[in-house]
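Once you've looked at the hints, go ahead and assemble the two chains, each given alone in its own frame, into the complex.
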Amino acid sequence: MKNRDITLHINGEECRLNVAVNRTLLEVLRDQLGMTETKYGCGTGECGACTVLLEDGKAINSCLTLAATMDGKRITTAAGLSDFGRVNHIQQAFIDEAAIQCGYCTPGMVLKTASLLATNRDPSDEEIRHALEGNICRCTGYEKIVKAVRKAARTMPAPAACGAETCTEVAQ
Amino acid sequence: MNRETIVGTSAPRVDVRDKATGQALYAADIDLPGMLYGKVVRCWEHAHARVVRLDLSAAAKSPGVVRVLGPQDVTANRYNSSVLDLMVSEQMHDMLGDIEDQRIFTDHVKFQGDAICGIIAKSEEAAERAAAKVIVEYEPLPVYLTADASKQPDAIRFTPEKPGNLAFQLPEPMFPGHALGGGDVEAAMRDADLVVEDVFYVPKQKQCQMEPHAYIAKLDSTGRLNCWTSSQMPKLVQAKLAKLFGLPMSLVKVTPTVIGGGFGTRLGLISEPQACAMAMSVPGHAVKLLTLREEDWVISPSRHPGKYWMKIGFRKDGTPLACDARFENYKGGYYLDASGTAFTAGAWLGGMYKFPALRYKGESYFTNQGLTGAYRGYGNPQTNFVLEQLIDRACAQMGADPVEWRKQWHKGVGDDGWCPGVTYPSCALDECLDRGAAAIGWSEKRRQYAHQSGTVRRGVGVAVMNHTSGAMPMLLEHTACTVKLNEDATAEILFACSDMGQGSHTALKQIAAETLGFPFDHVQLSSGTSDVAGFDIGAHASRTIYVGGAAVKKACEDVRRQLLERAGRHLQVSPDELDIRDKRIFVKADPARAIEAETITRAGVYHFIDPATGQAGGEPGQIQGYVSFFAPHNSPPFGASFAEVEVDTETGEVRVLELVNAHDIGRAINPAAVEGQLEGGIQQGLGFVLSEEMYYDGNGRILNNSFTDYKMFGPSDMPKITTILVEDPDPVGPFGAKSVGESGLVSPVGAVANAIFNAIGIQFTEAPITPEKVLKGILEQGVRDYGSIGGAH
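In order, the protein sequence lines correspond to chains F and E.
Numbered by the numbering used here, the letters in the first sequence go through residues 1 to 172 in order.
Numbered by the numbering used here, the letters in the second sequence go through residues 1 to 793 in order.
For reference, chain E alone in the conformation it holds in the complex (with noise of 0.2 angstroms):
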């Protein structure tokens, strides 16, 4: 029986009025006096080419012109959009081997879209109209889409430091052999009786955030260059921008916006360099950088996309022996995030089943794609999609029940996670796996379906998934928190970390309101700017409430503490004989001893001497918190997805009827906010598998950067949805909280492909299984019964 009274309930949002009547002021709503408008001219019609001739000259003429800028205008130093190169030791960086291969101009395309040179004008469509009259002349180069074209010995390097075009592969020191794993998986393989083992492709997805990036700039007239973005992490930001332009950061200043969307596309930099750029050829003049959708599809990064090749062993009574596995990621042009998703796809296929042996080799390569980087799920839908369907071939061939053999041989309290030697705290997979194969009926399904016939057919799958809570060891996990209270009692908390959307900040105030025993509306959060809050890594790898609630948890209990002294030394009790419910602080074997915190908070701000006694009135000092916390752990987050689809194999449309997200989440702060989390992360996750990916032709110019033309999942495509939260609060996260911000989009992946091979007795390795994918496997391979398979039954 938990005894919290706000932590656990479904308080309303934080932002949610401001946002139903538009209030709420993205970047873009921002409006400042005298403000310029800034236009980044793109090469759009090449993917691969040098600027041989760039005239700005009828450009600087057109009307409304302020300023052109072209590569020689702007400082001439290189950034990695990215932040993983903050996040870790300068000696694990050089091991990474981190670059800074980005420009904010180029001469050298690498990718469509990439940064010609700037106008500022003053109004859009002025700065829109001169954009149109810069003439620039390109020399095209060969394009490379795969890994496979740029690592040929004759492609042009994309960048010195790196040769053959391979971005990154997983580092010799801390990898031997490039690989993470152990074991001796070529000696487990002969040992196995039965062997799966394919190629898979897994796509290139976009957020599709639905606020378009936009920026704000301006040098004001003490050289501070203030930057107003709608990034996941300011502080990081404001530390990249300072060391772009050279700057100590105390001039620069942050100032997050309302975040409209995230899923990892604002995680790190994307315009600010080209907006403060802007902003420092006209000081005093703010500068707003708006960009058109078109133009956010392919100047933002997206998913990894690559190949995928995996092999597992088992023994015949299902035992698994080995998994041997290499993928392969697509980057796009530049470096940014080469070493992340190389790493994690591996680290989540170590941390979810007993694999004696295991070799998982990484390695990202130069293509000219648009670029990628980090997307919600961070490598963990690409191994989802592979693993989980090479294990339910496995369990075809075996005849064992997926269910089954999944609660026999995942991971769990006390094995290693997806770190070598940071072991489950918690695990509630099993529980995720018996509530999901009860909501959807899965044995009795599993029965039906074995033996089929007609044109429509169904078919239930399952899949499991391991996630994080934070990043540490192998990222830094740092948050700053500051809390205050008010003469009045009520509390003010600054912390850095933005609030995306997902309701963190709401769940944050939930934790300190409990945490100090005050009301839930006598408490604020804000993320302030870069200049007064303190240090925070930033909204990414699930971490907000885990790592930032622990932070705020830490911070309140030292206020709590400092308020339990003051009435101790009152009430003439140990302060740990005091409780606080609703800002009554009272001894708890004797309620009745009591003083309002009011009292104390009043007497500490306003302390007065009295003239005639020359008696001081309570305690003096205003009661500030403060802890610059790191996390000890990274508690994984469980989920189990289970599937229900319908394939019509004429047409080869895969219709999904019901997703059931089960999910092992710790303890839910805000359940209401967690269950949009693991709903949103369905629709995204049904994308991945069924419908969502980047085409490029032949040139790397993308064909579908609209939401015509690339399909997500609309409100009549969704399945009826369950979402489960199984509750067994982590010994380490605050209140027991696990994360949920990514993970729910994970598992829906390997469900769904699972569940129609359960339908047509077909695997199909190439995501997204469009119905082309769908016909052209039943053309080759036949509609089967899965009861058919070999010992499945």
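Isolated chain F, as found in the complex (with noise of 0.2 angstroms):
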């Protein structure tokens, strides 16, 4: 297997790495740099539980992605929403809303919310679901999610204050 030497930023860091051109972004980001708030949940790009937010607030699976591709790209996961220790506006409606309870999708479910958040500040209940069919909850029926979605919305910080396109703003 071949091998090729990437840039990715990643949550503002700039990783010099060298990978196997058959490693996907999911294997990259929790094998080889240690950051598992990335979580497998299928492997086939069906439960959303892998995804992340590219610069454009592109929200994408990275099981199905393969890292050899990303190439200078920017990558912010669940962790580089906020500073260390802090949550942002998304994450404190998750929070909030107590739309959050294994866990394990969570990561997905608020990169997803900045994503549909990026090109639509106010969306309807009905754009909020569809935006997230492709993230899957087993725990809480989306009902509190969909209020946390509903909630982020409306305590995003103005753009101007914002900085970066997706918002990586702490609300706090």
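Check before you lean on any hint, since a few could be wrong.
Coverage of chain E stretches by chain F, computed from C-beta distances (three or more under 8 angstroms per stretch; other residues unrestricted) [said to hold, decoys possible]:
1. 236 to 246
2. 257 to 265
3. 367 to 376
4. 666 to 675
Because the hints were derived from the structure by calculation, they are not lab data.
Computed from a predicted structure; not experimentally measured.
Positions of the beta carbon are idealized from the N, C-alpha and C atoms, including for glycine.
Here it is, written out as structure tokens:
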């Protein structure tokens, strides 16, 4: 298997890596970089637990993405939405609305929410539910997650104050 | 009016900041120095076969491989991956006929996914590559997928102890005629004016917890076997592993990890035996064993499917006279949990309505399907699908209103619950029915939907349920809990029961803080590890708050008593005259006379004798509370669900428009967490009745082990949800709480089926009610107005 040198900008940090070309971004994040906030749920792009955010606000399944093809990309994981030990407005909304139970889908859910809010600052319930279709939660029945996304939209910092397009501002 | 200030509030969960940022460590996230990777080689080709040749030589030479392990390389001891055998007395255990029929690696494959051998390598990839080089030759055996097939006289026996492949039936000594119930069913049926009867099929549903099973095991330098697992029952896993490997429990340490969803699938062992066997072959090295999602589907037990026959007789005024039922469930290839669901399905049946005569037979037959075991609800959704539809069939024929009939005939306070002789201490089902009916607009919609025209028809339906809070007296309900006070009067609680994500640790912390009179943040609760935590059965049977909460409360009461005794001596009053608020201990009649709890705890820990005077500063000794608690009851919760559906009579599609879940939970310790259980339960209940089933091909190989092919309700599929918490404090439960963990998924099952009946006048006997079945039903029976059935109006 061939290897390739790549540079990823993960949560604002530059990472120079040598990756096997058959390694997924999920494997590189978890196994090579120890960034276990990105979860393995199915490995086939069906559950969204491995969601990461790209700089254009697009959320992708890292289990379906070969790391070697991501050279130069800026990537945000759930740990990168806020400074260490803190939470951003989306994560805070999930906490406030009791939208987190087992928590395994949560990193993907908050990133998918960030992706939605990057393009739609005031989504309807229907738009929220549609946006979350690729992220499975088996605990909550989605009820409180939808409420959390609504709250995250309401509490979203203004774009000027936000800095980054993906809005990684700390709400507190 | 409740005087509590912490219990009854939606206190923020203790673990959510870690979960929101992804810092919570699930088993797969743990990385230990020098860790090796295990891979279990499984039989994917057959569901029933004998291994005639196993050649590990090529795999052993594969790059990065450290060890290969076949059946001869691990203990020959057998085990039972369920924990039911540890929850009953030895006498009961013998009577139930529990057996140990599983091996770590097998040469007789009894279901697709059975473990054949193991690989240990330096990387996950190296282990996978080596696994592909294992050569296994099989002799295929006949595949039995139903009880009808496996009970044939010429069928191969799954295990010598169980003739006829009958894994379990209700034992004669306890259940005469192998039946639960009482009264003369035959005579009662003869007296009946109306008898409804049918044969149903209930589906094999998968828990689909989001975290695939993962383990780490290590034999450390002291000879102690360590296992990191997300099991729902760490203390019983410790006992099971000790027995399997012939070790004293002191040489087995189980470290519980954050659980990414349980729903019953982690009740007992799954791959802990394989992970530990691997670790024991490479002492000093941690071995991580991960599970692929497609593998997770086949190796962990799912809900018991099977054939469920039921017959109910009534007098024409609606009086129920008798219920006769038989649930023949299809086990997978092994015994685990064979006795559990076969019994409980009938227990919930017996607990629901006032049938003067009842006869329920529960039987489990081995088949070559994937394993079956515990799944949230544990026999209850199966019974709900059958019982609640037959009740509505009878109501339609008698012209009775399904809500009113249920209000008149459900069991309540003083009646026998699911276990004969253990009566209901509380019941607020009437209020659930009233408030649920009002929320969905029952009367008006039933009138409106009795006569409809057009392609798309609507219906509303109701169903009720009873469940349990812990499993006493059938199963052991024991929890030990230790509370210690630090010198600054903060409390640390050790309680071995895991939080599966339902928020139980948060609610337990609320109970502790309330009881102690301490602020919420001054209480810490940990499940510890098996070597430091006391005994606890584990998270099953919706027991954590009802039993565990009562234990935490008692241990905290012990601490509180000690604090008040010391304060009383200081203030020179009787402890009875004192109270604690916000860590300040004061005389109730004269609140100005007070002492800070910290003054007492600090003096207890930092206890000095003044060298000059020889006087002691305060009373010595760190305050600790301890309880070894056995639950005195099982205070069952009740629930009523109401569903409104829309049925497209041309496509067969059923859309659920609204689901109201009204639950009698006694008291909500943390209302947001309780709502979360009911809402999540709805998602799984809707799946059971409308979309979820594991399918097998004729050779017993699963057809839909993926989230694409196995249909769960997604965010856009979910209906409008209304949860109603009916609070009627139970006299036994801690602060009046009953359980809520499992029950939310049960009655949505019957409510949706009955709403479909109301919409198109057809009942469906096979779940899930997929569009194909709806169309077939319409083709065969034609759409009917509910109002035209029998005496319905």
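Consistency of the hints with the structure:
Counting residues of the region 236 to 246 of chain E whose CB lies closer than 8 angstroms to any CB of chain F gives 0, which falls below the minimum of 3, so the coverage claim is violated. Residues of the region 257 to 265 of chain E with a Cβ under 8 angstroms from some Cβ of chain F number 6, which satisfies the need for three, so the listed coverage holds. Interface restraint, the region 367 to 376 of chain E with chain F: violated (0 residues with C-beta to C-beta distance below 8 angstroms; minimum three). Residues of the region 666 to 675 of chain E lying with their CB closer than 8 angstroms to a CB of chain F number 3, which satisfies the three-residue condition for coverage.
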